[in-house]
Amino acid sequence: MIELKNVCKSYNKGAVRAVDDLTLTVPPGEIFGFLGPNGAGKTTTIKMIVGILAPDSGAIAIAGRDNRREPLACKAVTAYVPDEPEIYERLTGLEYLNFIADVYGVPARERGERSRRWLEAFELAAVAADPIQTYSHGMRQKIVLTGALLVEPRVFVLDEPMTGLDPRSAHHLKEAMRAHCDRGGTLFFSTHVMEVAEKFCDRLAIIHKGRLAACGTLEELRRQAGDSGSLEKIFLETTGS
Amino acid sequence: MRRLLALLGAGLRQNFALATIRHKFFKQKQERWLLLLFALGLLGAAPLVVGYFIVLGRLYAILKPMGQETALLTLAILAGQLLILVFGLFYVLSAFYFSRDLEFLVALPARPFEVIAAKFGVILVNEYLTVLLVVAPAFIVYGAMAARPIAYWPLAALVFLLLPVIPLALSGLLVMAMMRLVNVSRKKDFFILAGSLALLAAVLFLQLGLAGTRGPEEMMRFFTAADGLARLLGEKFPPCIWAARLLAEGFSARGIGYLILFGGISVAVLLLLLWAAERLFYRGLIGLSEMAARRTKLSAAALAERFARRRHDWQAILLREWRLMNRTPIFLLNGILSVVLVPVMLFFMVRSGAGSASLAFLKLLGSGDRSAEILFSAAFFIACGCLNGTASSTFSREGSSFWISKVIPVAPCRQVAGKFLHSYLVAVLGVLGGMAAARLALGLSWQSVLPAALLALVAGAFLTAINMAVDLARPLLTWTNPQRAIKQNLNVLLAMALDAGFVYAFYRLFVILRRAGLDGRQLILAMLAATALAAAAALFFLGRIAARRYARIAA
Ligand SMILES: Nc1ncnc2c1ncn2[C@@H]1O[C@H](COP(=O)(O)OP(=O)(O)O)[C@@H](O)[C@H]1O
Ligand SMILES: [Mg+2]
Chain U
143 MIELKNVCKS YNKGAVRAVD DLTLTVPPGE IFGFLGPNGA GKTTTIKMIV GILAPDSGAI
203 AIAGRDNRRE PLACKAVTAY VPDEPEIYER LTGLEYLNFI ADVYGVPARE RGERSRRWLE
263 AFELAAVAAD PIQTYSHGMR QKIVLTGALL VEPRVFVLDE PMTGLDPRSA HHLKEAMRAH
323 CDRGGTLFFS THVMEVAEKF CDRLAIIHKG RLAACGTLEE LRRQAGDSGS LEKIFLETTG
383 S
Chain G
1192 MRRLLALLGA GLRQNFALAT IRHKFFKQKQ ERWLLLLFAL GLLGAAPLVV GYFIVLGRLY
1252 AILKPMGQET ALLTLAILAG QLLILVFGLF YVLSAFYFSR DLEFLVALPA RPFEVIAAKF
1312 GVILVNEYLT VLLVVAPAFI VYGAMAARPI AYWPLAALVF LLLPVIPLAL SGLLVMAMMR
1372 LVNVSRKKDF FILAGSLALL AAVLFLQLGL AGTRGPEEMM RFFTAADGLA RLLGEKFPPC
1432 IWAARLLAEG FSARGIGYLI LFGGISVAVL LLLLWAAERL FYRGLIGLSE MAARRTKLSA
1492 AALAERFARR RHDWQAILLR EWRLMNRTPI FLLNGILSVV LVPVMLFFMV RSGAGSASLA
1552 FLKLLGSGDR SAEILFSAAF FIACGCLNGT ASSTFSREGS SFWISKVIPV APCRQVAGKF
1612 LHSYLVAVLG VLGGMAAARL ALGLSWQSVL PAALLALVAG AFLTAINMAV DLARPLLTWT
1672 NPQRAIKQNL NVLLAMALDA GFVYAFYRLF VILRRAGLDG RQLILAMLAA TALAAAAALF
1732 FLGRIAARRY ARIAA
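So the sequences go chain by chain: U and G.
Take the first sequence: its letters are residues 143 to 383, numbered as in our numbering.
Take the second sequence: its letters are residues 1192 to 1746, numbered as in our numbering.
Rather than coming from a laboratory, the hints here were simulated on the basis of the structure.
Please note that a few of the clues may not be correct.
[As the list claims (entries may be wrong)] What follows is a list of derived Cβ distance ranges for each label pair:
1. 1302(G) / 367(U): 44 to 52 Å
2. 1344(G) / 210(U): 55 to 63 Å
3. 305(U) / 1492(G): 34 to 42 Å
4. 268(U) / 1463(G): 45 to 53 Å
5. 305(U) / 1201(G): 51 to 59 Å
6. 210(U) / 1201(G): 23 to 31 Å
7. 1731(G) / 268(U): 42 to 50 Å
[What the hints assert, rightly or not] Which residues of chain U face chain G? A partial, calculated answer using Cβ under 7 Å:
8. 192
9. 218
10. 236
[Unchecked claim] Some, not all, of what chain G presents toward chain U, calculated at C-beta under 8 Å:
11. 1374
12. 1494
13. 1497
14. 1742
Just so you know, even glycine gets a beta-carbon here, dropped at the ideal spot from N, CA and C.
The task is simple: from the sequences and hints, build the whole structure.
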């Protein structure tokens, strides 16, 4: 469970209001999609959830704990995949995975099994022993995802995970996320691709210019908008100003 | 020409825009304690600068009656140019070949020589800052004590401006030639390292090794001839003799001759660099980032074996630091390799003719005075272990990957502990290298070397913690050129100033304790206790600020 309460964040000393009084609850067991046009404040929100940025005001709780008062407890149950996979280029994929497993305290027994499974699924098995420097952008993204899946956290926070993934990998990721939520886990992911959101999410939030424009299941959104059309249409209407 | 100026302008802006960010940082007044720390460091470093002026003045007074005063200029110019030649190799390698803006620059409709000229200009400006401290004081002391006419000063400024051109252009030529050769191989990182070391060794060997031993009569000849000492010092690198002569002669016919010679050669070498850039640069650059990838699939068993070991979080951090530092050629050259380099240089210097003077000087310092010998050896070991920028760039080096450190569930003070261990490990290696040099090259006894090493190891823990605190206060995470994270990182310079200040403070303490009547073993034990106390305090301080600073660094 992720709870945001009246979260505000601005850049450049208040010149840019990136997130404006955002209140949001991401319940466990449901795939939660965070939608918004470019520059809406999705990445900023996500960075505050995982503790990279501190909000100007408001509070964020993960699994019932305040992420600023008990940061380690929150981080221990969260895995985060950023939109830009900037990771240690000079390590090999395996060394990176081992580093992640070490710092998250993944038992040695489970590491081999889990990483083999995801390296296979993402077609990285052949390059895992090579330096990350030799990876393409998509491969880097997949090794970060592998690291996150290796941890098997209760909470996944993914920033635009589908952009840049090949169809097969995207499919595997969706299945893994579905299974994670079915087990009662929490998933929060941002996207601006409507098809993904419409078919894949149980619950959606639309953010526009830093403010929450709509939130609910697809049905609820349709009812709110008084419109039975596609998500795309609702999205364009809510964010069209 | 317009394109060249635009490139140069962009390069300089990028280089110094970061300075304005730093400026803002200070204005925000978040970290007042830091300002205090810097003020302390500068206050401590000030006596060193003053001391340098005094030593130069004394040297002039000694040289003058022998008619050898020009040697002061030669010495300063030679030191400055040698410094640039050696460190220029690193700067040039990093700026020409490892900067991340290169992909962008190569795609621009600019000629290779224009790209190189712009990069050269940026390095040149940076070099002026470096040599200012070494060369300018000598020019000032000479000008003032020899009561030179007004015309001396513009000439001195001109020589100062031209000074880095020849060594830097030579570095550039050497590096471009090396990279052209290396870029055909698959194991590039290895060959780049090996090639850089070979270049470095060649430069050092030419400077120091070839001097050979001279008989006493021959040495006398140098001393009795006018300017003989200046010629002896500069014979390996004639431009520095020309520059010194030019300053000594002023606007006489001979002076102008030297001016034309020095200026002409500077321009010629620069043109040669640009000419070579057209032929060598892109062929050395293109495909450089392609690395040897094995692309062999591991079996399930092999994979399981790779994951068999579970480490503690601090061990994982330590291992990561070690690997990232040693696998990035620029970091490695600045870190462990420079730790190895200092003792090796000392060894060669002592072996060469020019070094015997410094050896005599060192012996003099410690003559019969065991405590002083221990203290000076310890200072030397500290210099070997702590002046390499490993600790003072430990956060900056993470660069754009710093977000990982912010999201992993490892308490900042534990992360800092892992980083401390890494930096301290490098410092320990430096102290060991210094010990080897002290034993083998200087022939100091174990009775001096061991207590000095102990003192240096404790002081090393203190300085490592202080240096890390400086970088933690304002890490430079936005670099594109790895050299910026370490050699050109202002934090590294500030930390060095601080180190110098603290070493000086320890020296003052030594003097005070001695005046108070302590000597021998008691004196050294008291120094050890004081240093250990300082180290404990610094580590405690570092642990205290870690969590707060980690929370404030936006990644
Ligand atoms: N580091 C930053 N400094 C200043 N402004 C920023 C920074 N990061 C993001 N912004 C601004 O904040 C707003 C929200 O950005 P972001 O959260 O990245 O949006 P999204 O991820 O939804 O595309 C944008 O207007 C963007 O320009
Ligand atoms: Mg974004």
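For this session: Given the range 34 to 42 Å, decide if the beta-carbon distance of residue 305(U) to residue 1492(G) lies inside it.
Result: holds, 36 Å
Exercise for review: Take the C-beta atom of residue 305(U) and the C-beta atom of residue 1201(G), compute their distance, and say whether it sits inside 51 to 59 Å.
Suggested key: violated, 30 Å
Quiz item: Is it true that residue 1731(G) and residue 268(U) lie within 42 to 50 Å of each other by Cβ?
Solution: holds, 48 Å
Exercise for review: Given the hint of 44 to 52 Å, check if residue 1302(G) and residue 367(U) actually sit that far apart at their C-beta atoms.
Suggested key: About 58 Å separates the Cβ atoms of residue 1302(G) and residue 367(U), which means 44 to 52 Å is violated.
- Query: Between residue 210(U) and residue 1201(G), is the Cβ distance one that fits in 23 to 31 Å?
  - Reply: violated, 40 Å
Checking hints one by one. Is residue 1494(G) an interface residue toward chain U, by the C-beta closer than 8 Å rule?
This interface hint holds because 5 Å falls under the 8 Å limit.
Point to revise | Satisfaction of the hinted span 45 to 53 Å by the C-beta atoms belonging to residue 268(U) and residue 1463(G) | key: Distance hint for residue 268(U), residue 1463(G) holds at roughly 46 Å.
Quiz prompt | Hint validity - residue 236(U) Cβ closer than 7 Å to any chain G Cβ | solution = At about 5 Å, which falls below the 7 Å cut-off, the nearest Cβ of chain G leaves the hint on residue 236(U) intact, so it holds.
Quiz item: Does residue 1742(G) meet its interface restraint, that is, does its C-beta lie within less than 8 Å of any C-beta in chain U?
Solution: holds, 6 Å
field: Closest C-beta approach of residue 1374(G) to chain U relative to 8 Å, hint status
entry: violated, 16 Å
Fill in: Range agreement (Cβ of residue 210(U) with Cβ of residue 1344(G), hint 55 to 63 Å)
Holds - the Cβ-Cβ distance for residue 1344(G) and residue 210(U), about 59 Å, lies within 55 to 63 Å.
> Against chain G, is residue 218(U) within 7 Å by beta-carbon distance?
Replying inline: The hint holds - residue 218(U) has a Cβ within 7 Å of chain G, the shortest such distance being about 4 Å.
Checked against the numbered hints given earlier, the structure breaks hints 1, 5, 6, 11 and satisfies all the rest.
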